[in-house]
Amino acid sequence: MKAVAIAEVSLRRFFRDRSNIFSVFLFPVILVLLLGSMQGGASNPRLGFNAETPDDLSAGLLDGLEAVDGFVVIEYDTEAATIRAVERGEIEAGLIVPAGFASALQAGGDTELRYVSRAKDGLQGIDTAIRSVVARQSTLLRTARFAEQQGAGSFENALAMAAEAQISLPPVEVVATSSGEPFALAGLGQFDIWSQTTLVLFIFLTTLQGAAALVQSRRYGVTRRMISTPTSVRTVLFGEGLSRLAIALVQGIVVFVGTWLIFGVDWGNPLLALLVLAMFAIVSSGAAMLLGAVASNDQQAGSLGTMFGLGLAALGGAMFPLAALEFLSTTVWRVAHITPHAWALEAFEELVGYNGGFAEIAGFLAILAGYAVVFFALGTWRLRAVLTR
Amino acid sequence: MNSTTLTGFVLECSGIRKKFGDLVAVDGVGFHIAPGETYGLLGPNGAGKTTTISIIAGLLERDAGEVSIAGEVMNPQSTAAKRHVGLVPQDLAIYPDLDARENLRFFGKLYGMRGAELNQRVDEVLEIIELRDRASDRSEEYSGGMKRRLNIGIGLLHRPTLLILDEPTVGVDPQSRNAILESVEQLGEQGMAVLYTTHYMEEAERLCDRIGIIDQGTIRAEGTQQELVQLVGQRDRVRLVATGNLTAGAAALGNLADVDESAVTADGIDLIVKAAHNRLPEILAAATRTGVSVAGVDVDTANLEALFLHLTGRALRE
Chain A
5 MKAVAIAEVS LRRFFRDRSN IFSVFLFPVI LVLLLGSMQG GASNPRLGFN
55 AETPDDLSAG LLDGLEAVDG FVVIEYDTEA ATIRAVERGE IEAGLIVPAG
105 FASALQAGGD TELRYVSRAK DGLQGIDTAI RSVVARQSTL LRTARFAEQQ
155 GAGSFENALA MAAEAQISLP PVEVVATSSG EPFALAGLGQ FDIWSQTTLV
205 LFIFLTTLQG AAALVQSRRY GVTRRMISTP TSVRTVLFGE GLSRLAIALV
255 QGIVVFVGTW LIFGVDWGNP LLALLVLAMF AIVSSGAAML LGAVASNDQQ
305 AGSLGTMFGL GLAALGGAMF PLAALEFLST TVWRVAHITP HAWALEAFEE
355 LVGYNGGFAE IAGFLAILAG YAVVFFALGT WRLRAVLTR
Chain B
3 MNSTTLTGFV LECSGIRKKF GDLVAVDGVG FHIAPGETYG LLGPNGAGKT
53 TTISIIAGLL ERDAGEVSIA GEVMNPQSTA AKRHVGLVPQ DLAIYPDLDA
103 RENLRFFGKL YGMRGAELNQ RVDEVLEIIE LRDRASDRSE EYSGGMKRRL
153 NIGIGLLHRP TLLILDEPTV GVDPQSRNAI LESVEQLGEQ GMAVLYTTHY
203 MEEAERLCDR IGIIDQGTIR AEGTQQELVQ LVGQRDRVRL VATGNLTAGA
253 AALGNLADVD ESAVTADGID LIVKAAHNRL PEILAAATRT GVSVAGVDVD
303 TANLEALFLH LTGRALRE
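These protein sequences, in sequence, are chains A and B.
With the working numbering as the guide, the letters of the first sequence map in order to residues 5 to 393.
With the working numbering as the guide, the letters of the second sequence map in order to residues 3 to 320.
In case anyone wonders, no lab produced these hints; they're calculated from the structure.
Quantities reported herein were computed from a predicted structural model and do not represent experimental measurements.
One or more hints might be untrue.
Chain B is nowhere near these chain A residues, computed Cβ spacing over 12 Å in every case [claimed, not checked]: (1) E12; (2) S14; (3) L69; (4) I78; (5) E83; (6) R88; (7) R118; (8) P234; (9) L319; (10) R338; (11) F362; (12) A370; (13) I371.
Covered stretches of chain B, as calculated for chain A (at least 3 residues, CB under 8 Å) [what the hints assert, rightly or not]: (14) 61-68; (15) 83-95; (16) 106-112.
C-beta atoms are modelled at their ideal positions from N, C-alpha and C, and glycine is treated no differently.
If we strip away everything but chain B, and leave its shape as in the complex, we get (with noise of 0.2 Å):
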């Protein structure tokens, strides 16, 4: 199901409020989503990240603000929004007692699917989420990477046009959490728009297109990791474990193109780069014109973690 808005993108949210008693959970939250983009909201534990999506999802009444899904005004009555999202809450949502193919048969019958349309896509989506061989088995029986994965499972029947994943990896082990992560790259390049919230850096990093960075219940920072990063004002340290000439080595290095700073050190140079990565071979070049041999080099790249603790004073995972 692939839906857009005139303005081309599947999801358009603006000034979303929402208190619970005195606390308000979130406060003015806004972003959208093209088709094909993996949108991650990054944040801590308590930031306002499932609150949000609650209310994306049409599960939440919000106080304030607007949310449209491929042109769908959402809240929770609307079920013509509903159509286009598919849903996988951070908390398990499946039934113990059936087995994967029955808790997929009924949530596809819910969303509409019938007869030999929704036979056939369980069959598929149970070979996406790798659970084919134990299909028939009570899903109270599965370890928690495969009840994770039947739970993201149900989200992908319907094949809609955002999928929202509310920190889908938590509580899963490496391996499972490797095979979720490449399913969720899978889908954004099959043109499906993801929402994902997260607090691992890694994943906002390896996964998302943008982010947003969210901490109570605002969003303080958004745009795609570079630009994010730049924010900071951050540059990269590279460090050459090297010998040779260090001095004149340094010297010419740091005529390089953004190269700020060079400095002769204990076991070699220091650089401070922008954007070390793309100057690397360049300033790997330079250092062996200049008679330096490098043996070693360790690049400190600035980081959505960094950024976090610029904006908010606190560390990502506190």
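Isolated chain A, as found in the complex (with noise of 0.2 Å):
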């Protein structure tokens, strides 16, 4: 009960202060909401397709087009305006058919399509269905000025029997066999794996701001004052650090529940993936409590925080990814699972990659407790100590 009563005036005092609602609640929100959208969210890519003369070759083009899955097309109806929508981030990229396109080609002359993208080197998934597309119609194209100059007949039957003869070859099929263990995140979107990594940068990195308060109270001389009452060092650290607990939990459902509903992010199963978190911000907590009681002023726990928040979370592929770090090294992957941080994006990864249960994440969990037990420990010791020797 005296934890509560500490954690209570801890957060009374968070609360009464603006600032911290906006810095630890909503910035990380809008942070996450901003980069969410950057990155394009759970929305397809948009491509925009303008022909200025309409005609059967474009339509079919178009048709192609909108037969790929994996973006969505918008027709303009002039070539301005499809820039233009490119250019206001409207749609992500533009393909522009120009006039002539059809007599063009039927007359064996050469055209071009002009495709326009605000990325410098394109949208790979965009500019690999175009070429897809337009490369089956140059074939259909060559096939049938071949076969108008061996006599078969007008450009057009030509193009028709060629289209035709397409549909009714078998196609040859590529069989794909795996080997090996299949890359967890192999099926996930790239905000997916995003929402993870920033969701444990942000939890440890703001609660670890949270040493502050820790050592404000120390300097207003009422944690000396509380270790006068009947209370233990270890009941006035774990009721501190039952307040960054909440603050973190309740940013981290903030967090999981915003980028689930608005980006369609998969946690996996929603309760473990909670769970996940709670024992990630226990941990975040425990560290906030050794930091504030080794910090011997405001500033410097605020620079320690952000220092070892960015640094952790770099090393424990919150900011690289962890199979990235794998392929580059096994001795950084053994070094970046010192951090909690690496865990608790296995714990996620074992969840949402593999659809995992609670006896696959057991074991990461056991590993965060450890630290947060460790944290908790030290953290009382080095308080103990700066306060009663």
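Put the two chains together into one complex, using the hints given.
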């Protein structure tokens, strides 16, 4: 109960400073939503399509593009409207079919399709789809032209025959077999992975900033006075940590639910994902209390919190995916697992990538619990030493 | 909460020793306090007062010695002994961004108080420290004296057996200072044992039933104010501003009990008297009988300042 009283007062003081609400709750959520939108979120990329003089060939191209999964095709009346839409970010790319497209090809001449994108190197998925659709149509056109030259009739007839032949011929099938373990995150969108790493990064970073609250209590002399009451150092630290845990949990749940509802991020089993989140929040609170017991002033706690928050996140795979670290070097991957971040991310990967259950993540949860115990024990030892020796 | 031991003392400590590196801050300090007694630790800054009370309050580990409060051994881990103690630290120890009521409620909960009992006691303490009207204002908006009173109020919340006040009037305006001293006097009258540290001689003289003179980590002398003053062997000097037959008067006054010396001066008679405050009526009556007309009396009594000087060779406020 005393720990709850300490946590209650700590939260009361936290919420009394309105800037905390922005920096701890609104800022990460806004950042996640903003970056999520930039990453494209859950919606498919949009490709603008404009044919200056619509004809059968341009219609065939449009049909071919619309048949491709993974992006949406939006038609525009003019080239200018298509380019403007790209520039405004309303669509990711635009394909412009020039006037006289069909007649130029039917006459045996060359023509160019104009592809517009804001991304310097294009968008890989859309690029590939367009090239594929255009290549298929080029093959038909070359076949029709060859047939026309060989006396098989008019270009239109030859084209119709080539199209029919393409449909009737059985396709060559490429059979893929997998070797070794499948890459867990292969089926996930970029934002799915990014949401996990962002959640872990922010929870730890912002919770570490809570160390300043403990330092402030010490500076006010209140922590020492608490020790003069029948309250142990462990209870004081637990109470302060409890308030940080509550803040971290609310922050985590807001990001969790926000990304799930708005971007359709896959978190696997939501209850188990919340369990991982809760355990990681406990670890973060323990780390904050250790830092609060070690730091000698608010500024030091703030700068050390930022340094460790970002440093451990980078090392632990919250900035570069763990899988990438593993490809880079086994040693780097092992070093990453010094951090609790790596274990939390692996637990999320198990839930999301492999549809894991409790049994599969129990080991990760136990390791995270170990971190929490060590952090709280070291924090208690340090705070007791600071206050009573 | 009233608890005493078989010996009848609320606090018993002996042989307390504490070193910080090479510095011996407290060396063999020991004393005891009975219920309702106000004990003063009088000494200059750096004498070891705060270290001593930090050990007694269970805030600091000690290197040696024994401390028991109401029969419970005190150390930083002892929650049982801490239940009996109310500590008022020298530096303010309150949350400035909480109001008085919130601060009091918070510490009340840490003392295990809950519900109606807590609410009632908070109201009582707000009344005692005269902050009821400002109870909902953030304490950072209070004057220095109001903050000090809140600081004291927190120590009173759970009706401790022993209230420890560490220089509670430092940096306080005269009006607030007087209010604080009156509160401490009332607490003593109500039966609370009080350990009061100060380097103000007047406060020790006004409040304390017994005083320990502490310097350089050791108690140099201990006793009631009178006992301490007698240690100096110093007597009071009484100056009578008088006219009339001064020679006869001086001779007559010199024969009175406890008057060790008498002498005629330019404007009257000077006497050296043991416990002058007890002898003044007799002296004035004798002077009148011998035809001396007294226009004024000036008594220089022996005091703790003189005692400290006598014991340490240094002034109390050096």
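Taking the hints in turn, this is what the structure says about them:
no.: 1; hint: E12; verdict: 8 Å, violated
no.: 2; hint: S14; verdict: 10 Å, violated
no.: 3; hint: L69; verdict: 61 Å, holds
no.: 4; hint: I78; verdict: 54 Å, holds
no.: 5; hint: E83; verdict: 62 Å, holds
no.: 6; hint: R88; verdict: 53 Å, holds
no.: 7; hint: R118; verdict: 63 Å, holds
no.: 8; hint: P234; verdict: 4 Å, violated
no.: 9; hint: L319; verdict: 36 Å, holds
no.: 10; hint: R338; verdict: 40 Å, holds
no.: 11; hint: F362; verdict: 37 Å, holds
no.: 12; hint: A370; verdict: 30 Å, holds
no.: 13; hint: I371; verdict: 31 Å, holds
no.: 14; hint: 61-68; verdict: holds (count 3)
no.: 15; hint: 83-95; verdict: holds (count 8)
no.: 16; hint: 106-112; verdict: holds (count 4)
Of the numbered hints given earlier, the model fails hints 1, 2 and 8; all others are met.
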